[in-house]
Structure formats: structure tokens, C-alpha cells
Amino acid sequence: MTYCFHIFICLLLIVVQTTVMPYIPLFERFYDLLTPFVIFLSIFRSNRESLVIIFLFGFFMDIISGGPFGLYITAYVWLFIGVRWAITFLHIGDSMLLPFVVALGVLMENFIFVVTSAMFEQSTRISEVMVSTIIVQVLWAIFTGPLFLMLFNTSYRRWDRWVNEIFVRKT
Amino acid sequence: MFSKKMVLIIGVIVLIAVNVILLSVFNRRYISYYRPGRIAISLIAPFQKASTNTIRFVRDIWRHYFFVVNVAKENDNYQKALNKALEKNIQLKELRLSNSRLRNLLNFEKTITNTVLSAEVIGKDPSPWFKTVLIDKGKNDGVETGMAVVVPRGIAGQITDVSSSYSKVLLIIDHNSAVDALVQNDRARGIIKGGTEGQCLFKYVLRKHDIETGDIVVSSGLDGVFPKGLAVGYVSKVIKPKSGIFQEVTVTPYVDFEKLEEVLIVLNPKKKEFKPEK
Chain W
5 MTYCFHIFIC
15 LLLIVVQTTV
25 MPYIPLFERF
35 YDLLTPFVIF
45 LSIFRSNRES
55 LVIIFLFGFF
65 MDIISGGPFG
75 LYITAYVWLF
85 IGVRWAITFL
95 HIGDSMLLPF
105 VVALGVLMEN
115 FIFVVTSAMF
125 EQSTRISEVM
135 VSTIIVQVLW
145 AIFTGPLFLM
155 LFNTSYRRWD
165 RWVNEIFVRK
175 T
Chain A
1020 MFSKKMVLII
1030 GVIVLIAVNV
1040 ILLSVFNRRY
1050 ISYYRPGRIA
1060 ISLIAPFQKA
1070 STNTIRFVRD
1080 IWRHYFFVVN
1090 VAKENDNYQK
1100 ALNKALEKNI
1110 QLKELRLSNS
1120 RLRNLLNFEK
1130 TITNTVLSAE
1140 VIGKDPSPWF
1150 KTVLIDKGKN
1160 DGVETGMAVV
1170 VPRGIAGQIT
1180 DVSSSYSKVL
1190 LIIDHNSAVD
1200 ALVQNDRARG
1210 IIKGGTEGQC
1220 LFKYVLRKHD
1230 IETGDIVVSS
1240 GLDGVFPKGL
1250 AVGYVSKVIK
1260 PKSGIFQEVT
1270 VTPYVDFEKL
1280 EEVLIVLNPK
1290 KKEFKPEK
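Chains W and A, in that order, are what the protein sequence lines are.
Note that this note's numbering has the first sequence beginning at 5, numbered continuously upward.
Note that this note's numbering has the second sequence beginning at 1020, numbered continuously upward.
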């Protein structure tokens, strides 16, 4: 049941990102909406649950994107590893740290994208547009990232409560 | 023998190395040719199509019925007429030039197929670093990998992946795209590659050619993908370095990729199948 909810949320995020946001001028250079979701999974959900969804939707993103295959899986897995590692010495659940965690996640994803592009396309150069896109995405992440995390957290708490109630009633 | 920290560092290095190797292996293949890729596109694309259709429906209602009804309709008609006129103008110019070159030649073959299939854009690339779109026509409609995708104003891209009902188009502004093209007046040849900010780079153009800002760039047809004479864009910047054999030319595409909604797929002519004589 929880996996169905994960799949629903991820599909919704992908559809919004690829069909709605490109037509809204302000959101043209918005960050990847699955980044805060991966961070949410890394902080609040189990390893098994998170990795299944990360690989599945990393694969989906790789298929619909024009980048080299495996790029999104790579970015999400390293993001997951990074956040899991940070949890061991930082209290990331603290709301003061959340904006910076999402911003760092977006920065890390862009870093992986740029490095991979440079690896396979030797003519790739760091241009002004590239830098400005990353800055805009990081700023968006600082201001909106925590909202997404809180939204995911609240939705999942309600979902878990609802699922528990159903199972308790049945037993 | 090794401390825990050392093992961890070695583990991370090995993981990075494996990751890089896997990326470079998969980069040379199109995974979506395989079944899982096609299934993934078929799973996501219907949702994208539904979402895009809803957005367009709502937007069209707003634009055409509640807002300025007549002005919007008139504007649409003028835009279509202008696009047609521009396309015709470029084609005529191209025809005039090729006619003057070829008038002494007889029995030349018509190489461009006029069979096109219209398709709707249903989703854009999730990353700003790559420029692809998903369209609502696939293998069932006769679409194949490598087919050219055009719009009335010029070349849009090329089909890179096909599933049963949907396809992925690599736009000419993507850095992985390459189109063999030439300057319409000067006949200087080069390769159109994706640049930044929706611009293209016209690469490998020899310094000896006098290219000016505003010159029209058309497809040469030599890449075997795009029919000859289709508009690509106009020259917006020329830099002639003092050394080297090539000049740096920037081309602004005629197609507005931000507003790309409908495209035409140039279908290849049917291949003749040989039947062994009995």
C-alpha cells in the first residue's frame, strides 16, 4: 500500500515537472521535484523502501530525459547516500537545516549532471547560463524545498495513520 | 589490517569507479530500445498526455472564449499565414538557387519525401540540461528512430526513441544533436550543434566563407536524416578568429522551442523488399 502511495506521488511530481511547469514562465528553471522527495525518503523512510523507489523512478527519469542513461539513478543514489551519511552526525529533521539540505541536494544533482556531460561531451564549457541556472535552482530550493519536505511528511503521516486504522479495524 | 575509515574510503572510490563505468557503458546504448524502456515511456506518457490536454483545454477556453475572442483567433490565423509565407519564401529561394545550379543536369531524382505525420508534444525534458520532448505518435503510427521532426518554420529535431504509441524527440538545441547544414547564399557547409540559451552553434565552417549576420541556414540533406532545404535558423553572430581554420558562427533557430506544441514527422519512403525468385 505504501509503495502505491510512493508511486502516486512520484508520478504526480514527474507529470507536473514535464507538463505543467515548462509552461509557467516563473518556474522555467525550477529544480528537479524528485530531489526533495529523495531527501525526504532518505531522512524519514527505511532503506529498503527508499532504494526501491529511487531506482524505479531514477530509471523512469532516465528514460524520459535526453541525458545518458543512468544519470538520474546515479544522482538519486548518491543523494540518498549523502543524506544518510549526514544524518549520522547532523539532526537534519531540524527545520532550520532543511532549506540548506535541499539546496545542497540540488547543487549535488547539478554537479553530477555537469560532470557527466563534461565526461561524455568534451566541448561542454561552464557558461553563464549554466551558472545562473544552478543559482536560480539553489535559491528556489532554499525557499521552497522545506515546504515540499513538510508536505511529504504530513501526507505520509496521514497515510500511515489511515493505513494503520484500516488494518486495526480488519484485525 | 585496514581501519574502518580506510575501508569506507576504498568502498566509496570503488563505488564511484563502478558508477562511471556503468554510465559510460550505458551512454553508448539506447536502453529504451529494450522492453523496460518502452514500458516506462508507455506508463508515463498517458499521464503526461492527459495533463497536457487538460492544460491546453483550459488555456484555450480562457484564450479563445473568455478573453479576446476575435483578436486571439485573428492572431492565430495571421501567425499561421506568416509561418506559411516564411516557409514558402525560404523554399522558393532555395529552389531558385538549386535550379540555377542544376538546370543543365537531367534526370535528377527527387529525394525529399513529402509524407509527413502530425504529432502533439505531450511532455518536456525534466532536466534543463537536456532538450528533448515526448510526442504522441509511435511505432504503431509508422514512426521509426532517426526520422526528422519539423514544424512549418523549420527543423525541430530527430526521433531518438520509439515506443508503441509515443516517441522521444532530440531537439536541435540539445548539445548531443547534430545537423548537416549550409548557408543559403554562400553555400558554406557545417554542422549545426546545440548551444546555450536556445541557440545553435554552426561548427566546422571554414574561415574562407564570408558569412554575415542574418544569413539563412538550411539543411544540406547530406546527413541522410533531414530533407534538403529546410530552414534551420539565421546567423546571429560570427567570430572569425585570427588563427585556425574554422570560424565561430552562432545560429538562432526559427523554431520557438519554448512554445513547441505540434510537430510534423517526416516519414521515410517505404523500403522495397526483395523477393527471391522461385
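In case anyone wonders, no lab produced these hints; they're calculated from the structure.
Possibly wrong hints are sitting among the right ones.
[What the hints assert, rightly or not] Only pairs whose alpha carbons sit at most 20 Å apart, straight line, appear in this in silico EDC-like list of lysine to aspartate or glutamate:
#1 A:K1222 - W:E125
#2 A:K1278 - A:E1093
#3 A:K1222 - A:D1199
#4 A:K1256 - W:E132
#5 A:K1247 - A:D1205
#6 A:K1099 - A:E1280
#7 A:K1112 - A:E1231
#8 A:K1103 - A:D1275
#9 A:K1278 - W:E32
Everything numeric in this text was worked out from a predicted model, so none of it was measured.
If you draw a straight line from the CA of K1103 (chain A) to the CA of D1275 (chain A), is it 20 Å or shorter? holds (15 Å)
20 Å Cα cutoff - pair K1256 (chain A), E132 (chain W): holds (17 Å)
Given the hinted pair K1099 (chain A) and E1280 (chain A), is their alpha-carbon gap at most 20 Å? holds (14 Å)
Between K1247 (chain A) and D1205 (chain A), does the CA-CA distance stay at or below 20 Å? Cα-Cα ~16 Å, so holds.
Quick one, are K1222 (chain A) and D1199 (chain A) close enough, alpha carbons at most 20 Å? The given pair, whose Cα atoms are some 10 Å apart, holds under the 20 Å limit.
Given the proposed pairing of K1222 (chain A) with E125 (chain W), does the C-alpha separation stay at or below 20 Å? Given that 20 Å is the threshold and the Cα spacing comes to 15 Å, the pair holds.
For K1278 (chain A) and E1093 (chain A), compute the direct alpha-carbon distance and say whether it is at most 20 Å. holds (18 Å)
Taking 20 Å as the top limit, are the C-alpha atoms of K1112 (chain A) and E1231 (chain A) close enough? holds (17 Å)
With the threshold set at 20 Å, check whether the alpha-carbon distance from K1278 (chain A) to E32 (chain W) stays at or below it. Holds. K1278 (chain A) to E32 (chain W) sits at ~12 Å (cutoff 20 Å).
The earlier numbered hints are all upheld by this structure, with none contradicted.
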